[in-house]
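Please work from the sequences and hints to get the whole structure.
So the sequence lines, in the order shown, correspond to chains L and R. Position 310, counted from 1, in the first sequence is what full-length UniProt numbering calls 310; the numbers after and before it change by one each time, with no gaps. Position 137, counted from 1, in the second sequence is what full-length UniProt numbering calls 137; the numbers after and before it change by one each time, with no gaps.
What the hints contain is simulated information worked out from the structure, not anything from laboratory work. Hints are not guaranteed to be accurate.
[To be verified] Here are some chain R residues pointing at chain L (derived, C-beta under 8 angstroms):
| no. | residue |
| --- | --- |
| 1 | Gly75 |
| 2 | Met79 |
| 3 | Glu121 |
| 4 | Leu124 |
| 5 | Ala129 |
| 6 | Val207 |
| 7 | Asp221 |
| 8 | Gly242 |
| 9 | Val302 |
| 10 | Gly303 |
| 11 | Gly307 |
| 12 | Glu319 |
Note that beta-carbon positions come from the ideal geometry of N, C-alpha and C, so glycine has one too.
Protein chains: 2
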Amino acid sequence: MNPTRGFAEGEYRARVARAQSKMQAEGLAALLLTTEPELRYFTGFLTRFWESPSRPWFLVLPAQGDPVAVIPAIGAALMATTWIDDIRTWAAPDLRDDGVSLLAEALCDIGGPVGVPSHMETHLRMPLADFERLKRASGLGFTDDRGIVAGCRAVKSEAEIGKIAQSCAIAGRAFARLDEIAPPGVALSRVFRDFQRLLLEEGADWVPYVAGGAGPEGYADVISPASDAPLAVGDVLMLDTGAVWDGYFCDFDRNFAIGRSTAVQRATHARLIEAVHAGLEAARPGARACDLWRVMADILSVGESAGRLGHGLGIQLTEGLSLTAQDRTVLRAGMVITLEPGLVVAPGRIMVHEENIVITEGAPRLLSPLAGPHLPVIG
Amino acid sequence: MNPTRGFAEGEYRARVARAQSKMQAEGLAALLLTTEPELRYFTGFLTRFWESPSRPWFLVLPAQGDPVAVIPAIGAALMATTWIDDIRTWAAPDLRDDGVSLLAEALCDIGGPVGVPSHMETHLRMPLADFERLKRASGLGFTDDRGIVAGCRAVKSEAEIGKIAQSCAIAGRAFARLDEIAPPGVALSRVFRDFQRLLLEEGADWVPYVAGGAGPEGYADVISPASDAPLAVGDVLMLDTGAVWDGYFCDFDRNFAIGRSTAVQRATHARLIEAVHAGLEAARPGARACDLWRVMADILSVGESAGRLGHGLGIQLTEGLSLTAQDRTVLRAGMVITLEPGLVVAPGRIMVHEENIVITEGAPRLLSPLAGPHLPVIG
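Put into structure tokens, the structure is as follows:
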């Protein structure tokens, strides 16, 4: 059964209240938000129109009171379907003044300092020249948001977890059908295309992310687009997906041997699953991201250069903490993360496995269907 | 027959040479580029991994000599498959220094001033705090890129036009199959999902953008996600897509009457097509974007508040000029644009039609299969 689409207004009000309490503690009068995940988190404004770079979108979150949306007129009807009442629009794109005066006015009504997410994983989605104009026009002080938005987003509500679980279930069903699309001889590009089709058939709203690779000794990386090279017997095929249901991502992968598996593939896969289980054992409230990294890295016998072995997940494919030796973020119940161990199989060739979990007061709950130690063979 | 994937190295060298000649004229020592379309335009680096916000990516384009890629190590293998030789990596995400020192060093080798795209439609895809650190660490002057990158991208090569034509042909075939998926009674959300499936079946690499709406008097906007409301006899259904083939978008829509059409729907559709034809007549080198807007707006009897009636298209769903009363951009052969007239059908309800064309020395060439004046009926 599908969870409900959208959230109750109370969920948004709780998110705003949490941010506002931190803003008051940090002495910030307002937050200025400009990116899709930031706006959606506080308003529920969900559209694929962000694909167009032509227009900036702004949300002003005051330390007290309701948010103010300052947006292109083309978004007014959709924003009016959310819980946001104060919606101010202009006819974007406007070459003379693309919302800057309207935004400055909204900010001046509230005052400063204005917090803007400025740290790792953030960016400002408006033209730099307009940001400078905004500073001059408003006369306000602008500073970092002190990580407030990222901090709020890191701990998910039960409703959010339900949506991520739904995305994971959809991808799990698509992976279960992989033997329909990946026999030997089929081009990898065709497999990618058909895998997206399976994800849609199984209920994904859309498929923002698919990656993967194939080869007898693993694959070169986990970010390349598919080539037209055909799958061969003896290849290991990896597919990784961020499919979306109601705006929430899954992010996990699966490996499949094509026709038959090799001893190295089987051993590598078993080791990756072993690392996942070590991660599951360690994933408790109070543990740090670097602690999870350590137990997995020990199983894999890898060092810091192996990169991150997992990350936060939710409104974005990756968000929040990184499972690295450096990251001392403390796990809390409600955090949704990936466990993503990887191993070098041969020079320049790797295998990677990934699962999605939610931290609870006890053992973590699996959101993706946990893979077993035996590498599946298809085709 | 499909065009070839990728571009010859000469195409990238020509793009760089064009930018460098403008940089020299403007007195810029380097450009700093941070976004997906900017990096891909000059390097060919094509991956869906940009969906993850965790890591910044940098390309430094000096006024003379070859570009320097300063990127996370996870991208090294893929970047090495492009024509770029100078690839410098760090183990991102690094909480201590996420590429800033490495980037500052690369820029200092070249000197300033450094142009950063800062105008309409651009943003800086790196944390603001790291940009400030970069300014301090490099000691260089940073300024706007004078629109150089946008200017280069606006005029497409024949190879680029071939890829956009391929995307348009794919979407055209998917639209031709719409009667398979949109009978009365099917939920709009199901139609959206199945339309994405059709696009993939017809050859799209992926489907970054789908929008649409339905109703007896048109739809509320062109950006909302699909609801679960079922299509009804007498609705007009609009679907709009940005499907991608080898990194290039189409962006056109189609309207269909469900079961039967109404007189208002038919008349509105005919008027929209009439406006498209007026746009086609006016779309000649030397005409300005505002001239195209004017001839279409006259047919539609709309004023400036109607918003833009088309835009540039290519590596992004929307890029470059806007067909508005303000935009005085002069059309040149090789520009790919959309003609996108819209009309209000009833209070808060609209109909929109869109085609994709390329400006040539003579009459524009249609890239999307030009719709006729009669509103098609399906279901």
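Okay, the hints, checked on the actual structure:
1. Gly75: Nearest chain L Cβ about 6 angstroms off; hint holds.
2. Met79: violated (10 angstroms)
3. Glu121: holds (5 angstroms)
4. Leu124: This hint holds: leucine 124 of chain R lies near chain L, its Cβ roughly 6 angstroms from the closest one there, short of 8 angstroms.
5. Ala129: holds (4 angstroms)
6. Val207: holds (7 angstroms)
7. Asp221: Constraint on aspartate 221 of chain R satisfied, holds at 5 angstroms.
8. Gly242: Because about 6 angstroms separates glycine 242 of chain R from the closest Cβ in chain L, which is inside the 8 angstroms limit, the hint holds.
9. Val302: violated (12 angstroms)
10. Gly303: violated (11 angstroms)
11. Gly307: Hint on glycine 307 of chain R: holds, closest Cβ of chain L at ~6 angstroms, below 8 angstroms.
12. Glu319: Holds: closest Cβ of chain L sits about 7 angstroms from glutamate 319 of chain R, inside 8 angstroms.
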